[in-house]
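Asks: One line per chain: the protein sequences are A and B, in this order. If you're matching positions, the first sequence starts at 0 in numbering that gives the first Met the number 0 and goes up one per residue. If you're matching positions, the second sequence starts at 0 in numbering that gives the first Met the number 0 and goes up one per residue.
Capping the alpha-carbon separation at 20 Å, the derived lysine-lysine pairs in PhoX-like fashion look like this:
{"hint": "1", "chain 1": "B", "residue 1": "K42", "chain 2": "B", "residue 2": "K63"}
{"hint": "2", "chain 1": "A", "residue 1": "K63", "chain 2": "A", "residue 2": "K42"}
{"hint": "3", "chain 1": "B", "residue 1": "K63", "chain 2": "B", "residue 2": "K222"}
{"hint": "4", "chain 1": "B", "residue 1": "K403", "chain 2": "A", "residue 2": "K489"}
{"hint": "5", "chain 1": "A", "residue 1": "K222", "chain 2": "A", "residue 2": "K63"}
{"hint": "6", "chain 1": "B", "residue 1": "K489", "chain 2": "A", "residue 2": "K403"}
Just so you know, these hints were derived from the structure itself, not from any lab.
Chain by chain, the residues:
Protein chains: 2
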Amino acid sequence: MSDLNVNLPTPLHANNNARAVQTAEQHPAHSLSWLEDAEHGIKVPVTAISQADSPDGTPNEPLKVYRTMGPGSIPEQGLAPWRAEWIAARGDTETYEARGARLEDDGRTAVRRGAPSQQWKGTEPVPLRAKSGKRVTQMHYARRGEITPEMRYVALRENVDVELVRSEVAAGRAIIPANINHPESEPMIIGKQFLVKINANIGNSAVTSSIDEEVAKLEWASKWGADTLMDLSTGNDIHTTREWILRNSPIPIGTVPIYQALEKVDGDANALTWEIYRDTVIEQCEQGVDYMTVHAGVLLRYVPLTADRVTGIVSRGGSIMAGWCLAHHEENFLYTHFDELCEIFAAYDVAFSLGDGLRPGSIADANDAAQFAELDTLAELTQRAWEYDVQVMVEGPGHIPLHKVRENVERQQELCKGAPFYTLGPLVTDIAPGYDHITSAIGATEIARYGTAMLCYVTPKEHLGLPNRDDVKTGVITYKIAAHAADVAKGHPGATARDDALSKARFEFRWNDQFSLGLDPVTAQEYHDETLPAEPAKTAHFCSMCGPKFCSMRISQDIRDTYGSAEAQAAIAGMQQKSQEFLNAGGQVYLPQPTIGAPK
Amino acid sequence: MSDLNVNLPTPLHANNNARAVQTAEQHPAHSLSWLEDAEHGIKVPVTAISQADSPDGTPNEPLKVYRTMGPGSIPEQGLAPWRAEWIAARGDTETYEARGARLEDDGRTAVRRGAPSQQWKGTEPVPLRAKSGKRVTQMHYARRGEITPEMRYVALRENVDVELVRSEVAAGRAIIPANINHPESEPMIIGKQFLVKINANIGNSAVTSSIDEEVAKLEWASKWGADTLMDLSTGNDIHTTREWILRNSPIPIGTVPIYQALEKVDGDANALTWEIYRDTVIEQCEQGVDYMTVHAGVLLRYVPLTADRVTGIVSRGGSIMAGWCLAHHEENFLYTHFDELCEIFAAYDVAFSLGDGLRPGSIADANDAAQFAELDTLAELTQRAWEYDVQVMVEGPGHIPLHKVRENVERQQELCKGAPFYTLGPLVTDIAPGYDHITSAIGATEIARYGTAMLCYVTPKEHLGLPNRDDVKTGVITYKIAAHAADVAKGHPGATARDDALSKARFEFRWNDQFSLGLDPVTAQEYHDETLPAEPAKTAHFCSMCGPKFCSMRISQDIRDTYGSAEAQAAIAGMQQKSQEFLNAGGQVYLPQPTIGAPK
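This is chain A alone, in the form it adopts within the complex (with noise of 0.2 Å):
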């Protein structure tokens, strides 16, 4: 790693490309800027984003905000797989005649037509698996002791000591997704003691979607802040639209096995078998995904406890393992081999999402007994996964009201060891389709506040349709909401910076800023210009609120030019005094003698 550029992803950094320059930038005040360690050679991308001078002439510094470097790749190339050097350098790797990919991965349509709709143009990547006898994951490097690269670029873009990072990875508490075979991504990490993390679902479905609309939702969500994606594709070309995915992807790639598996038994629920969900496996770690969604807690002792509920099984792999138990009475397949499992996902760094298949569907279900018997298995299968140094985290619900939302997490991390909860929402009211990624907004940032670590994203088409690009972008930035709300009431450090950033500007008038220390600056100004669109106005000590005759900010300004000299604060304290005097001589406020000056 000496020489930096080499590492980091091409297209974006080394050059040239007019249009990726131009998708990687949210708007014309941010520009890619990189925190150093320039002992263990680790850069890490950071959002600069320029701010105007204050009206008294005092500079504001850029502030740097949080971000991955993509997206910004070339479609048809993908990002360089600038992590390949580290994890080749610690030799735990190799090559071997993988599985690959098949044209039945695509599903019967590209059989039929004898290929995918579209074909993956990059370079094709070659597998790597650990060698034998090794565990190749963050956390079995973390229990020995190990600081990995990877830990490093986590410890710089946190702000934390990378100490912490290993510590906590150690412990189960925090996971860094980091499939060897997907070298293209940025190491990030989830756990209660780092920022607040989120997730955007896509994924083509058998009635709509292609293979460029699924690449472009990724890039537009990676723009907008998503921390990590799930493809959770169910339609055609699953494979391949995998791979245009994973080779674009700058952030960890999560999965549902099953739904790929279910796809390759045409839809019947009855014919999944654990060797075809072993291969869907073996074909996705090779691939490169981060993390996959296990419904492994699903047992069919647990299925009759759902039988009175109001919405029943709403998890689709939750039903299509309770589908299955109860049409073969045999115990979950993913519970009785998941000892199979932690040894092929330790030979790839593949993390555990233990899929919640019971959570509640409605705020009638919330905390019922299905809901937590799952969790208690969750719980041992955890500490199971753990013995094999494979990383975890918990999916939890769903919909919950709000005054339940606190015990979920508190349950969890408690059952679980601080394994780290990835919740859906929740969602504390069933009352607005069309509003779920406010209804979910809610739950979720109370949820995060109390110690989950990630939250997947509700957009406002769940329940109703597939999100659409819109749809994406507003659930990102309603998530990207939740998750810093959390980070500022856990007194995370420094979480404060960019509400303080924009406050100020925002008492300062100073118009283009308020929309570029924004989470959405486009949406920001357009909101600003339907009303007082022309130019000036960016810079007018007014808004459209009161017109330029009267502004509540202009009278404070005042204020405080009145109080801000060294003669003023003195003044000021001698009011307090007499307030504190006037206060001391009893307390007596009903009709108070005046302190200061003459009221009528």
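Once you have looked at the hints, place chain B on chain A.
Replies: Just chain B now, with coordinates in the frame of chain A:
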């Protein structure tokens, strides 16, 4: 009140007008229905939402939900003054030589033109006030042990005992804003024992808007569920705009009289006097404003406490009064004349909304000395108003990080002896201009959960511009979510009925019912139809997320079918017993012997 129909708003009820009937309902499955207290001749409108039968043929009763009767008036005619009979029957009011309207009340443009841009065309009401020595407030009656028709109306509407209404109003813990000069309004109650309410702000400014637009916003806001509306106009035709709004409003109207007073002195805060303010208040009392924000807590000695804030004073009223105090070096005339204001309010039953002029405008300034100093004064003023039997609510912030929200309401409730708290959001982060309906709904749900009685909505345009029609709707729906989620979290009786009905419809694939039971049926259906527009999809047992081949809801339906019979229930009991036996045998769940079936 022998003939109920006579007393109900004419346009919607008795006739006729296609536009009115069309705009009053949100969806074709919604219809106007009634709750009746036949003994006392009270009828309260509710929306009945019809539902399809369940797949097994079981009928689903229409769900009845809270609503206002209006909108539905013909704007040029206004609503019928149906509450006038109740007011007259009390015999404690009289007509008098009223101040009435003056051309200059509409501002300089109207004076120059010789008329406002649009005259009020309906009946000119004759203002009433209390007879000499009388107080005509709902609090006065409640304290005397009288149960008014307004209280009965509210009790029926809230599905509570009328004695709860009376006693809460008597104690000051709830208010029924009901100016005797606004007989078109439908009584509603604001207090923490009742459903959480929401307020929508509208109003023109010097920069933009017309009378027609403001009336349309009123109709629109109340159609989607605003419980009260504040007219914050600061532009031209303030008096006449308000007249149109009041005559058409089924919900209580609030104002901030200092805004109009400021217009009367051409925006020069220093030129304000108690006399001009008092005259404006009387003008508005005669028109029928139900509650007024009064920034009487901004005391001269508190002003310097804001000098070191990140965002100073952000309340318009607060900064007007702070500017005035500073310029004159005198105590706030709203504070020094507060008793006189109480006398005026008692004569019309106008409620105080004690303004928090020093509320924080950024999370950095939350819960600071200036904010809490003012709250101490608002507590004092609450007591003082109660001595005049004047109803009071207390306004709250603003911008508060989530972990500091609860303290706000608990402190206010303690200091102000349970007077209803009425908060703006609060926004839990400052970094998302364009999304402040969401940043604030998070804080609003939290603060309502702990006792805030009414939430002032925030639209996506907050901080950026004036809300248009879409923004008003988004703000209202977002706040209906916050208020409802808080009702659910508080365990308000019956609060989950709508959630449960919608979730049941969702589970049973009654798509049209999912739309119509939601807070915004139009948007929900639009979103659904983007992906699956065909009519058969509305009854299909699948949705666009999973497609027709596989559907989790269908599988759970199968589980219920499997376990729904008496035979199956016995089987469940058996399974659960076996499970329990298994656990009793030592809880060896790490590598369990299968209790059921024969796993591989």
